[in-house]
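Undergrad: Position chain U relative to chain E; hints supplied.
Below are the chains, spelled out letter by letter.
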Amino acid sequence: ETGVTQTPRHLVMGMTNKKSLKCEQHLGHNAMYWYKQSAKKPLELMFVYNFKEQTENNSVPSRFSPECPNSSHLFLHLHTLQPEDSALYLCASSLGGANTGELFFGEGSRLTVL
Amino acid sequence: AQSVTQLGSHVSVSEGALVLLRCNYSSSVPPYLFWYVQYPNQGLQLLLKYTSAATLVKGINGFEAEFKKSETSFHLTKPSAHMSDAAEYFCAVSSNTGNQFYFGTGTSLTVIP
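Chains as they are written, first to last, in this note's numbering: chain E, 1 to 114; chain U, 1 to 113.
Read the hints as simulated data drawn from the structure, not as lab findings. Check each hint, because a few of them may be wrong.
To be verified - Cut-off 25 Å, straight-line C-alpha distance, at most; resulting in silico cross-link-like pairs (DSS-like, lysine-lysine):
(1) K19/E with K36/E
(2) K41/E with K49/U
(3) K49/U with K69/U
(4) K22/E with K36/E
(5) K36/E with K49/U
(6) K18/E with K36/E
As the structure is a prediction and not an experimental result, all values here were calculated from the model.
Looking at chain E on its own, in the form it has when it is part of the complex:
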């Protein structure tokens, strides 16, 4: 139990589908993150939310749409994805605010786009 739970762990979708990834943290943190991890590429920061406000959007295509309804939950809505979007999507959380601390990661959602 990492304290950060991601669902689903595996997702296969067509390019015209709409799906969502969910992340929930039970650590009382105030910052949440989405990272994309592709084979043989560095970890890519996608979005950061701090106290429910988006503070970072790292030039992510609009087919990825984040939602943070509260400090414990983070979603990544997916629509009209491309095969190159297939990757492991990692959610993380940290203390946030003036004392970021370290990142705590979920186990990831493995996305395959057909």
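TA: Showing chain U alone in chain E's frame:
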């Protein structure tokens, strides 16, 4: 600006041998430094962190790292490799403000029986 460089994308050691994974950083402010480990099909797990206290940091699973400001390095070591250490290792730096973390490209560790 902050960045991390991990020298060697693949490292192989024999079981029982010393493990040395290299990390160099650049930071315009006093850094916070981290090593994470990732096993196949899992997320990243914190091994250890440096937060401006002792320069020699001990982590889980027998790993340790030493912060050397003069060399801008934070290399990860373990005296004796175990088969279960085979994984991907990531070095990361942050300034502990602004929620910005910068990761290296990772080093894949193989342990040979």
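Undergrad: Does each hint hold? Answer for all of them.
TA: For each hint, the structure was consulted:
1. Using a Cα cut-off of 25 Å, the hinted pair K19/E and K36/E holds, with the two alpha carbons roughly 16 Å apart.
2. The suggested pairing of K41/E with K49/U holds, with an alpha-carbon distance near 23 Å, which does not exceed 25 Å.
3. Straight-line distance between C-alpha atoms of K49/U and K69/U comes to about 15 Å, which keeps the hinted pair within the 25 Å bound.
4. Straight-line distance between C-alpha atoms of K22/E and K36/E comes to about 14 Å, which keeps the hinted pair within the 25 Å bound.
5. A hinted pair counts as satisfied when its Cα atoms are at most 25 Å apart, and K36/E with K49/U qualifies at roughly 23 Å.
6. Straight-line distance between C-alpha atoms of K18/E and K36/E comes to about 18 Å, which keeps the hinted pair within the 25 Å bound.
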